[in-house]
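Student: For the protein sequence lines, the chains are A and B, in the order given.
Residue 10 is where the first sequence starts when you use this note's numbering, and the numbers rise one by one after that.
Residue 2 is where the second sequence starts when you use this note's numbering, and the numbers rise one by one after that.
What the hints contain is simulated information worked out from the structure, not anything from laboratory work.
The beta carbon of each residue, even a glycine, is placed where N, CA and C say it ideally should be.
Honestly, I wouldn't trust all of these hints.
[As the list claims (entries may be wrong)] Calculated pairs, DSBU-like style, for lysine-lysine (alpha carbon to alpha carbon, straight line, at most 35 Å):
1. B:K226 / A:K122
2. A:K76 / B:K204
3. A:K97 / A:K122
4. B:K296 / A:K259
5. A:K87 / B:K296
[What the hints assert, rightly or not] Just the calculated beta-carbon pair ranges, DEER-fashion:
6. B:L188 / A:K122: 51 to 59 Å
7. A:S226 / B:Y160: 36 to 44 Å
8. B:Q100 / A:D231: 46 to 54 Å
9. A:D231 / B:Y160: 29 to 37 Å
10. A:S226 / B:E170: 52 to 60 Å
11. B:Q248 / A:P181: 39 to 47 Å
Each chain, letter by letter, is given below.
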Amino acid sequence: MFTELNIILGFDHLKPPKGQFVLISDSLTDGSFLIHHFLSLYIKGGWKVCLLALAQSFGHYNAVGQKLGVPLTQAREKGQLRFIDGLKCSLQMYTCTPQEGQGENPLRVLRDKKATLRPLYDLVKTQVCSEEGVLDGPTLLLVDDLSVLVSLGVSAKDVSDFMHYCRVLMCPTQQSQGAIVSLVHKDADVEDEENSTLFRHMAYHGTVHLAVEGLSSGYSRDVHGQVTVTFRNVQDPSQSQTRKRRLQYKVEERNVSFFAPGTSRAVL
Amino acid sequence: MAASTGKGGVTSFQKKSRTKTLQIPGTRPSSQGNQLLVSTGVPSLDHIIGGGIVVGTVLLVEEDSFGNYARLLMKYFMAEGIMTRHPLLLSSAELHPKQLLRDLPAPVSDDIGKAALHQEDVSSEKNVEKEATMKIAWRYQNLRTEQPELGAFSKFGHYYDLSKTMSSEMIDTAPSRLFYLPDELPLEEQGMWNSIRNPAYVKLLQSIQDVVREGQFDLTVPQPKDVSRTVLRIGLHSLGSPLWGEQDGGTSHDTSLPHFLHALRAVLRTSLTACLITIPTHLFQDMAFTRRLEKLCDSVIRLESFAGSEKEQNPAYKDYHGLLYIKQLSQANSLLSYMPDCNDFAFKLRRKKFAVEKLHLPPELQDSQQREQDDPVAALKTPSTGCFSTSGKSKLDF
Chain A
10 MFTELNIILG
20 FDHLKPPKGQ
30 FVLISDSLTD
40 GSFLIHHFLS
50 LYIKGGWKVC
60 LLALAQSFGH
70 YNAVGQKLGV
80 PLTQAREKGQ
90 LRFIDGLKCS
100 LQMYTCTPQE
110 GQGENPLRVL
120 RDKKATLRPL
130 YDLVKTQVCS
140 EEGVLDGPTL
150 LLVDDLSVLV
160 SLGVSAKDVS
170 DFMHYCRVLM
180 CPTQQSQGAI
190 VSLVHKDADV
200 EDEENSTLFR
210 HMAYHGTVHL
220 AVEGLSSGYS
230 RDVHGQVTVT
240 FRNVQDPSQS
250 QTRKRRLQYK
260 VEERNVSFFA
270 PGTSRAVL
Chain B
2 MAASTGKGGV
12 TSFQKKSRTK
22 TLQIPGTRPS
32 SQGNQLLVST
42 GVPSLDHIIG
52 GGIVVGTVLL
62 VEEDSFGNYA
72 RLLMKYFMAE
82 GIMTRHPLLL
92 SSAELHPKQL
102 LRDLPAPVSD
112 DIGKAALHQE
122 DVSSEKNVEK
132 EATMKIAWRY
142 QNLRTEQPEL
152 GAFSKFGHYY
162 DLSKTMSSEM
172 IDTAPSRLFY
182 LPDELPLEEQ
192 GMWNSIRNPA
202 YVKLLQSIQD
212 VVREGQFDLT
222 VPQPKDVSRT
232 VLRIGLHSLG
242 SPLWGEQDGG
252 TSHDTSLPHF
262 LHALRAVLRT
272 SLTACLITIP
282 THLFQDMAFT
292 RRLEKLCDSV
302 IRLESFAGSE
312 KEQNPAYKDY
322 HGLLYIKQLS
332 QANSLLSYMP
342 DCNDFAFKLR
352 RKKFAVEKLH
362 LPPELQDSQQ
372 REQDDPVAAL
382 KTPSTGCFST
392 SGKSKLDF
């Protein structure tokens with residue numbers, strides 16, 4: 010959990026905010042350190058977290074979590090963390106023969122062109138809701154990441170439908186109990202139509218958008234990139250629609266330090 | 002001073018290690034201490050990618066136009082596996098893996114010499130030491146001489162001589178599993194894409210899974226303590242070439258290879274394996290497809306050889322045979338990846354050695370041009386480093 014980022018975002022680390030849809034997008038660099046930030050923030054805040062991990066294995070999140078002071082194996086045993094292993098489901102889908110059938114695999118859409126991500130949504134719903142079908146206390150859905158689904162062949166429309174359903178389940182208004190954090194790749198130098206369509210759909214859902222990119226002046230060892238935070242103001246039309254803040258960051262072994270542009274310790 | 006002829010160290014100071022890391026010959030822990038690395042076989046390449054290939058990840062090499070240097074890197078990777086006694090799995094569609102294995106570079110002779118003559122050396126050294134008594138540093142008299150190396154196979158990173166080939170007994174005794182596509186999948190089945198998946202990739206993944214299971218590389222299956230573990234080296238040569246069935250130059254709608262890489266990641270993360278894949282990405286028309294493949298691999302480097310391009314004549318590049326770009330470095334199990342100092346590397350292939358170095362321009366070329374427009378050195382000095390290449394320089398031609 011990176012305290013400087015919390016201050017900029019206005020998130021209280023003792024009481025993480027409800028009803029937020031945080032969209033992380035990265036361009037030509039890796040924004041997954043922000044996923045670890047939100048994961049540790051919400052677990053330390055005592056929320057229930059459902060991690061839909063499509064890009065990395067549980068060992069990865071656990072290893073980083075230990076460095077950030079969040080023991081994920083214990084959280085998983087206690088039930089605070091629900092982990093959906095996307096890698097394992099994808100491997101099963103890839104190697105199973107048509108005779109065995111896909112059974113209960115939530116990523117059936119990877120083999121069956123006519124299917125959608127509905128089974129995945131049902132799985133998320135069972136993990137997140139109680140028996141009545143409503144949210145069981147403050148819950149966070151963390152999706153890492155959506156571009157993997159696009160690379161595996163799911164159409165942008167199916168993915169945005171899935172996220173729409175998740176949003177209605179978790180955080181339809183700013184006062185609801187849940188929150189969503191998701192990551193989309195949006196590389197500026199290649200024309201990836203599906204990914205850009207997906208990003209545009211997600212941008213309309215998001216209440217906070219964090220855009221991670223490299224420095225425009227090139228590679229630097231001391232400043233790894235910059236994050237532009239955009240707050241979408243959907244509640245109050247009288248105020249200006251969006252508010253932007255720009256920060257530069259440097260990733261270290263146990264922490265990421267954020268600072269105003271030009272104030273890196275290497276420069277000052 | 003407490004001198005002790007203890008378990009083989011010069012002092013009795015034992016570093017207390019909190020975590021129990023696996024001791025596997027031929028590997029070493031990363032600088033952060035929590036990951037195992039294996040060598041690629043080229044020590045200069047190991048240095049720039051952060052020490053080596055992280056066990057459990059994939060190093061993707063984007064091939065140069067003729068594929069020569071990528072094939073050479075694959076040979077180094079396999080040769081290193083034989084030297085460190087890591088089992089190999091090699092797959093290829095174009096030339097038979099046996100041919101690739103037959104032509105591996107031979108290790109530089111003192112490495113094998115040490116392993117063979119280890120026993121005789123130790124005894125002869127002991128005799129010599131007894132005779133020479135120390136006059137000044139007499140406290141050290143009773144200490145043993147420096148522990149000789151355990152053997153070539155536990156060292157990390159060997160040096161090879163390209164002008165000689167590795168002896169065939171060494172290659173034949175090494176445990177290896179070969180996957181030659183025309184043998185594994187008959188030609189009739191290769192073209193048939195009745196499902197979304199390419200049957201060639203499926204067959205390859207199934208054989209990888211079989212080897213991981215049989216060779217006990219799987220980390221989720223608990224092993225008895227006395228079984229010595231080792232790392233499996235997987236080399237997938239020229240994946241994604243037209244021989245594998247890649248149709249219409251890899252457009253974005255083709256999901257067979259990305260799905261293969263995703264499923265491969267699932268297999269590798271829970272087993273003791275290190276994988277080197279070479280893909281001829283210069284054949285793909287769609288950059289977005291290449292980018293998706295890169296995101297699904299952990300470390301990515303791209304080779305660009307000067308053969309046949311106009312850069313071959315450029316006097317600034319005359320010492321080198323090609324450029325090497327680091328596009329991505331592994332971030333598995335850690336918050337940050339290894340950050341190199343710079344991103345300008347070039348490689349050269351000498352008669353005996355392949356080496357990667359930082360690209361530096363010669364201080365002055367022999368005949369400097371009259372006009373600045375013709376000067377190739379000045380042209381190269383425009384900033385083209387880093388993630389972005391912002392060349393906003395406009396030349397006015399008269």
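Student: Looking at the structure, which of the earlier hints fail to hold?
Tutor: 1, 2, 6
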